[in-house]
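Protein chains in written order, with numbering that gives the first Met the number 0: chain A, 0 to 134; chain B, 0 to 653.
Derived from the structure by calculation, the hints contain no laboratory data.
Don't be surprised by glycine CBs; every beta carbon is placed ideally from N, CA and C.
Check the hints yourself; a few may be wrong.
Unchecked claim - These stretches of chain A come out as covered by chain B in the derived footprint (C-beta under 8 Å, 3 or more residues):
# : region
1 : 33 to 41
2 : 71 to 82
3 : 101 to 109
4 : 119 to 130
Said to hold, decoys possible - Label-pair ranges, simulated between beta-carbon atoms:
# : chain 1 : residue 1 : chain 2 : residue 2 : range
5 : B       : Arg-98    : A       : Glu-23    : 52 to 58 Å
6 : A       : Glu-23    : B       : Arg-168   : 24 to 30 Å
7 : A       : Asp-66    : B       : Asp-349   : 30 to 36 Å
8 : A       : Asp-66    : B       : Glu-152   : 52 to 58 Å
9 : A       : Glu-104   : B       : His-641   : 38 to 44 Å
Claimed, not checked - Residues from chain A that keep clear of chain B, each with C-beta distances beyond 12 Å, as calculated:
#  : residue
10 : Gly-28
11 : Arg-29
12 : Val-88
13 : Val-91
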Amino acid sequence: MNGVHVRLRVGRERYAVPIENVLEVAERGRLSAVPGAGAAVLGVRNLRGQVLPVFDLARVLAITGDDGSSRVVVAECDGRLAGLAVDEVTDVGALDGVAEETGAEHLSGAVLEDGQLVGIIDVARLFGSLAGVAA
Amino acid sequence: MSVVDTEFLEIFRDEARGRLDRIVDTLLALENGSAAVDAVDSLFRDVHTIKGAAGMVGLDEIGALAHVMEDLLAGARHDGALPGALIDPLLRGSDSLRRHVEGDGEPNDALIAELGAAQVAAADPAVEAHSPAPPAAGQAAPAESRSIRVPAEKIDSLLDLVGETVLHRRRLEHELGAQAGRGGHGPVSDELDFGERLLDELKGAAIGMRTLPLASIVTPLPRVVRDLAAESGREVELVVVGAETELDRAILEGLPDPLIHMIRNAIAHGIETPQERARRGKPARGRVELRAEQRGGMVEITVADDGRGISEETLAEARRTGSLTEVLTQPGFSTAREVTGISGRGVGLDAVKEQVEAFGGSIEVRSEPGSGMDVILRLPLALALIEVLLVERAGNLYGFPLASVEEVLSLGETLSLAGRPSIELRGNSILLADLAALLGESAEAPAHAPVVVLTASGRRVAVTCDGLLGKEEVVVKSLGPLLSSLSIYLGAAILGDGRIALLVDPAVLVRASTERSGAVAAPVVSAAEPSVPRILVVEDSLTIRELQRSILEAAGYRVQTAANGRDALAHIDGDAPFDLVVSDVEMPEMDGIELTRAIRAHATRSALPVVIVTSLGDDEHRQRGIDAGADAYIVKQSFDQHDLLETVERLVGR
Numbered sequence: 000m001n002g003v004h005v006r007l008r009v010g011r012e013r014y015a016v017p018i019e020n021v022l023e024v025a026e027r028g029r030l031s032a033v034p035g036a037g038a039a040v041l042g043v044r045n046l047r048g049q050v051l052p053v054f055d056l057a058r059v060l061a062i063t064g065d066d067g068s069s070r071v072v073v074a075e076c077d078g079r080l081a082g083l084a085v086d087e088v089t090d091v092g093a094l095d096g097v098a099e100e101t102g103a104e105h106l107s108g109a110v111l112e113d114g115q116l117v118g119i120i121d122v123a124r125l126f127g128s129l130a131g132v133a134a
Numbered sequence: 000m001s002v003v004d005t006e007f008l009e010i011f012r013d014e015a016r017g018r019l020d021r022i023v024d025t026l027l028a029l030e031n032g033s034a035a036v037d038a039v040d041s042l043f044r045d046v047h048t049i050k051g052a053a054g055m056v057g058l059d060e061i062g063a064l065a066h067v068m069e070d071l072l073a074g075a076r077h078d079g080a081l082p083g084a085l086i087d088p089l090l091r092g093s094d095s096l097r098r099h100v101e102g103d104g105e106p107n108d109a110l111i112a113e114l115g116a117a118q119v120a121a122a123d124p125a126v127e128a129h130s131p132a133p134p135a136a137g138q139a140a141p142a143e144s145r146s147i148r149v150p151a152e153k154i155d156s157l158l159d160l161v162g163e164t165v166l167h168r169r170r171l172e173h174e175l176g177a178q179a180g181r182g183g184h185g186p187v188s189d190e191l192d193f194g195e196r197l198l199d200e201l202k203g204a205a206i207g208m209r210t211l212p213l214a215s216i217v218t219p220l221p222r223v224v225r226d227l228a229a230e231s232g233r234e235v236e237l238v239v240v241g242a243e244t245e246l247d248r249a250i251l252e253g254l255p256d257p258l259i260h261m262i263r264n265a266i267a268h269g270i271e272t273p274q275e276r277a278r279r280g281k282p283a284r285g286r287v288e289l290r291a292e293q294r295g296g297m298v299e300i301t302v303a304d305d306g307r308g309i310s311e312e313t314l315a316e317a318r319r320t321g322s323l324t325e326v327l328t329q330p331g332f333s334t335a336r337e338v339t340g341i342s343g344r345g346v347g348l349d350a351v352k353e354q355v356e357a358f359g360g361s362i363e364v365r366s367e368p369g370s371g372m373d374v375i376l377r378l379p380l381a382l383a384l385i386e387v388l389l390v391e392r393a394g395n396l397y398g399f400p401l402a403s404v405e406e407v408l409s410l411g412e413t414l415s416l417a418g419r420p421s422i423e424l425r426g427n428s429i430l431l432a433d434l435a436a437l438l439g440e441s442a443e444a445p446a447h448a449p450v451v452v453l454t455a456s457g458r459r460v461a462v463t464c465d466g467l468l469g470k471e472e473v474v475v476k477s478l479g480p481l482l483s484s485l486s487i488y489l490g491a492a493i494l495g496d497g498r499i500a501l502l503v504d505p506a507v508l509v510r511a512s513t514e515r516s517g518a519v520a521a522p523v524v525s526a527a528e529p530s531v532p533r534i535l536v537v538e539d540s541l542t543i544r545e546l547q548r549s550i551l552e553a554a555g556y557r558v559q560t561a562a563n564g565r566d567a568l569a570h571i572d573g574d575a576p577f578d579l580v581v582s583d584v585e586m587p588e589m590d591g592i593e594l595t596r597a598i599r600a601h602a603t604r605s606a607l608p609v610v611i612v613t614s615l616g617d618d619e620h621r622q623r624g625i626d627a628g629a630d631a632y633i634v635k636q637s638f639d640q641h642d643l644l645e646t647v648e649r650l651v652g653r
């Protein structure tokens, strides 16, 4: 029911992104700063000839991440692309358990796995607010 | 027929073919009962558009036939249904149109007569439509070069590939250069040179498929100008500059309407009658100039006239809102006092703005009372391949479109202009700003900084950075929809070594340099928060002066005072810029009226808002104050906090 997701970690929290919204997982790579773009934008990077904006997922979700996230989840939705910098990509697989509603802005729900809550990121809603924070 | 005429005809043919296809499909659908609800509307629009476009390219046969078909459809649209008996004549009309579009049409007088009769017959079933006379023998079709239709997306993907190939080429050069050192000889270098030439040709050919010169649509304009001038009793000359400038085909097809609208505005609202021009000491014959120029990744198209310009009221409104363009492109704004026959029934520039923005472009209007108006359209280029000057600042790479780079200097003596650093270049003062600060970043000021002088929209700014990396041809890549709100960047470019340079839009940068006083590189700008507006209170009475000061300071403004006009001018000439002056009229040495005049005539602060404080009922002072250029007046006896603060707030835009 929950489909295949990419599980990831930001600071001490765990999240999952639906596999349909993930193009690939990349190294953080060399980022070029984009002055004026707001603190949530870490910069842009060259992803095989494409210019990819990379967002600090911890900052977007208003949580505390590790110092210097190491991986970038390349997310896609309605033709829009964004790199989401995360601390760790743990694995890919179907989520166990039943997704519960949460009030959180960027989540479509959450599941309880091994006693820990995993937030399921709603990429469309996330992108909606990313376009706002870049202004 | 000239080459450009032929090219424009090709555009017309493409469009007409598409519309005729749809007309026939719709007619057939009406016949078999499967038509959409808006079928008649759609037919009407298609025929109407063909008629208009045919007129523009001088295909009168097509225009005449489309006209009578349009009449038929207008009747049907009015009645809410198309009589079945009209479908066949309309189909034959469409066939005839198609033959004309393809260049082998026969005279269609008979068909026109038949369609006219069909309309009468449809209106009154008692009247029989008479049968058509046999068509006369077809005229020889004009010789035509063979052409094929290709979907625009296919050409776009070709252009993308060319762009990628250019990038690949830069990477290859970079790698080879790193291996063997630059400037090698021998077969590899020969092949590289050959490849460069091939790539240039490929690029030219690919761009040529997507673009056409502006000249391809200006042919009908002299006629349009002549007719409009005659209609309105003006004498007008049209001058076209830069007709060879290449534009995207898709944009070019949509450009005639906005252009004609702008020219119509210039003639109807701008150019004065010959008598009025004589009175103003202008030549009797007005001048409308259509100018096209490639600037950076955009093409600028300007329609400039030497007419009466905007009214004082419009100017005052523009000062209040801060943007003339915004005022003039509000829906329903018309520069004509009354609606004239040719002014488009009060339709303002909002329609033009809408169209231009639909192309991904922008509009700007510049005008002064009495001295004409420039309406500038900035339109994107087809292929985003531009030459840039690469610079480095605070560890980031930036590119300026070479077309906007006027000069590169090394920083010498800096001066102060309006309290802000500037440099002197051949007798002109240019504001000097740190690139990092303009982009909203804080970084240590560069030492021995190179200075790049940029021009955009007729304004200049000198920008300091850490170093120059030279010029390079780059492919403009979008920053993507999530960063599209950052208007300061045209996009980004990936360089040969894989690094990314942000491409700065010079127009936005120049605007930022004049608007954001706080964002300017700072040898000397004072440390106080730049966001608090500074007000100069000019008043000889100590009591009133201190009263005004306390009111304004309590409302959060920073206030300085002066006891008379001369004292005030000395303050205004000083380092820190003011945002507003509040002045009494009667003062020793220099009164408020003279002060207002002096400010309006000031080299750099002529736009400084002035509020005149007058006594109750002193209409003469009030009038003189307004004549001198004051923005507002306050009556002293009704002088209360509310009145003063509201006026000040309005003028400083808080």
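Now for the hints, and whether the structure bears them out:
1. 33 to 41: Per the Cβ count (5), the hint holds.
2. 71 to 82: Holds: 4 residues of the region 71 to 82 of chain A have a Cβ under 8 Å from chain B.
3. 101 to 109: violated (count 0)
4. 119 to 130: holds (count 3)
5. B:Arg-98 to A:Glu-23: 52 to 58 Å: holds, 55 Å
6. A:Glu-23 to B:Arg-168: 24 to 30 Å: holds, 26 Å
7. A:Asp-66 to B:Asp-349: 30 to 36 Å: violated, 51 Å
8. A:Asp-66 to B:Glu-152: 52 to 58 Å: Since the Cβ atoms of Asp-66 (chain A) and Glu-152 (chain B) sit about 45 Å apart, the hinted range of 52 to 58 Å is violated.
9. A:Glu-104 to B:His-641: 38 to 44 Å: Since the Cβ atoms of Glu-104 (chain A) and His-641 (chain B) sit about 41 Å apart, the hinted range of 38 to 44 Å holds.
10. Gly-28: violated, 10 Å
11. Arg-29: Violated, because the least Cβ-Cβ distance between Arg-29 (chain A) and chain B comes to about 7 Å, which does not exceed 12 Å.
12. Val-88: Holds: least Cβ distance 21 Å, greater than 12 Å.
13. Val-91: holds, 24 Å
Figure legend: structure checked against the earlier numbered hints; hints not met, in rising order: 3, 7, 8, 10, 11.
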